[in-house]
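Two chains, two separate frames, one set of hints: put the complex together.
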Amino acid sequence: MDNEQGKNSIKLEYEIIKDDFSRAGEASSNIKKILRQLGIDSKTIKKVAIVTYEAEMNIVIHSDGGKITVFISPHDIQIIAKDRGPGIKSIDRAMEEGFSTASNKVRELGFGAGMGLPNMKRYSDEFDLQSKSGEFTVLEIKIYI
Amino acid sequence: MKIIEIMNWLDAKCLTGQESLNSEVNTAFGCDLMSDVLAFINEKTLLLTGLTNPQVIRTAEMIDINAIVFVRGKKPNKAVVDLANKNNMILLCTNHTLYTACGILYMKGLKGIFNKEENESYGQ
Chain A
2 MDNEQGKNSI
12 KLEYEIIKDD
22 FSRAGEASSN
32 IKKILRQLGI
42 DSKTIKKVAI
52 VTYEAEMNIV
62 IHSDGGKITV
72 FISPHDIQII
82 AKDRGPGIKS
92 IDRAMEEGFS
102 TASNKVRELG
112 FGAGMGLPNM
122 KRYSDEFDLQ
132 SKSGEFTVLE
142 IKIYI
Chain B
226 MKIIEIMNWL
236 DAKCLTGQES
246 LNSEVNTAFG
256 CDLMSDVLAF
266 INEKTLLLTG
276 LTNPQVIRTA
286 EMIDINAIVF
296 VRGKKPNKAV
306 VDLANKNNMI
316 LLCTNHTLYT
326 ACGILYMKGL
336 KGIFNKEENE
346 SYGQ
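If you read the sequences in order, they're chains A and B. Using this note's numbering, the letters of the first sequence map in sequence onto residues 2 to 146. Using this note's numbering, the letters of the second sequence map in sequence onto residues 226 to 349.
Looking at chain B on its own, in the form it has when it is part of the complex (with noise of 0.2 Å):
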């Protein structure tokens, strides 16, 4: 799915990254907890979440996470924004709360990440 298409499903504004709106995402994932961000990504992915600190980026930039939505109308800082635009990120906001957009994009089309028990072979 292409992130232009997510990005006028959840009306969402672009805060960086306009240049790549073309770009697509296989699954996404939603999620305020960092190191489940990182126990369970494996591929290209669309994070969601209601965080905004410069960790979601750094934990983002650790498994190749090129976009991500702020939901529930949260808006990060500009060294936040920064250092998304310094790692080629989007970053999307939308004033949709994680349930809701989560389950617009669902609808659409974009399906969650396996789950561990579903997929034996994730981390390799």
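Just chain A, with the same shape it has in the complex (with noise of 0.2 Å):
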């Protein structure tokens, strides 16, 4: 999947920290006012918004520490996830309805039913995963508008 970072995108960052379960969510919620003042229509933003915070929760949950970039172009809303930690052993398992690796005190909050990445994927119109075991994971999203 290209970086299409022409002149007519719009750029989002944000720095998600690992463990931080009282901020967790606040990328998310200001990528969504943001599409919601830019007129983006609301079915694309609930996706937008699912994606975003499904990443972040993982981030949170899972990683080291990481960054949510967000491209905004005229034809479609890009969204890169990139952090570093443990990685993800295997992607196939991953990608499974059920399976999860999260703790107890991850599942108290709600989270940890497996459901996450098989959501992102759903949402989105391209989906590309990738991770190197102990390095990092970086998740390429495209919703066309």
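Please note: incorrect hints may appear among the correct ones.
[To be verified] So the derived label-pair ranges between C-beta atoms look like this:
1. A:GLU136 to B:ASN247: 51 to 59 Å
2. B:TYR331 to A:ASN31: 33 to 41 Å
3. A:ASN31 to B:LYS238: 28 to 36 Å
4. A:GLU14 to B:THR322: 40 to 48 Å
5. A:PRO75 to B:ASN302: 38 to 46 Å
Just so you know, these hints were derived from the structure itself, not from any lab. We treat Cβ as the ideally placed atom computed from N, Cα and C, and that holds for glycine.
Pasting the structure below:
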């Protein structure tokens, strides 16, 4: 997937901090508000909100910290979630509904049902997930406008 | 169904959003799994849950849920109520359990959301 960072796109970028459950969701909330201000249609906003929120929670829960970058262009919205950390051992397993490696603490918050990545894929028009065990995970998603 | 009717049937208290109690929901979803909430809800829905952490409000915000019932007598802390208030949500709390609260509303005519198989177009 190409990074379309052309002249017509708006870039948003947020640092996501590991284990910061009190602020988890703030980045997605901001992204949603900006999309609304830009007059993007509500169905597209909902898809982007779900994808960015799941990605944000994944970074908070599973990684050592990372970044969410959003490029808004006239034809699509591209979301890149990149983190440092343990990575994903098996992407195939991680994509199965119900598979989760989340801790009990995370489950008590209502996450760790193993629906995050499958949900993100369902709401995406383009979906690419790459990871290196012990180093990083990068998720690139496009949602067409 | 109007939120004020829901409040009466569940003997619920309103924690925030009093001014919007005349607004309506079409369906309800009872769940303590926020990922399931994100996966299944796609319209004007009432969320019933036993979780009271900020992620419940964030999750609701993402998918435009604006009414939440906390069951089993659980009450969120002030920060959670403030976050909901900032997002113009209605928060109710009832002593009924999730099962009973859902049962009461179902009997009064508030149906559940379509499930995955029934609703091919969800997410669209």
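Taking the hints in turn, this is what the structure says about them:
no.: 1; hint: A:GLU136 to B:ASN247: 51 to 59 Å; verdict: holds (54 Å)
no.: 2; hint: B:TYR331 to A:ASN31: 33 to 41 Å; verdict: holds (37 Å)
no.: 3; hint: A:ASN31 to B:LYS238: 28 to 36 Å; verdict: holds (31 Å)
no.: 4; hint: A:GLU14 to B:THR322: 40 to 48 Å; verdict: holds (43 Å)
no.: 5; hint: A:PRO75 to B:ASN302: 38 to 46 Å; verdict: holds (43 Å)
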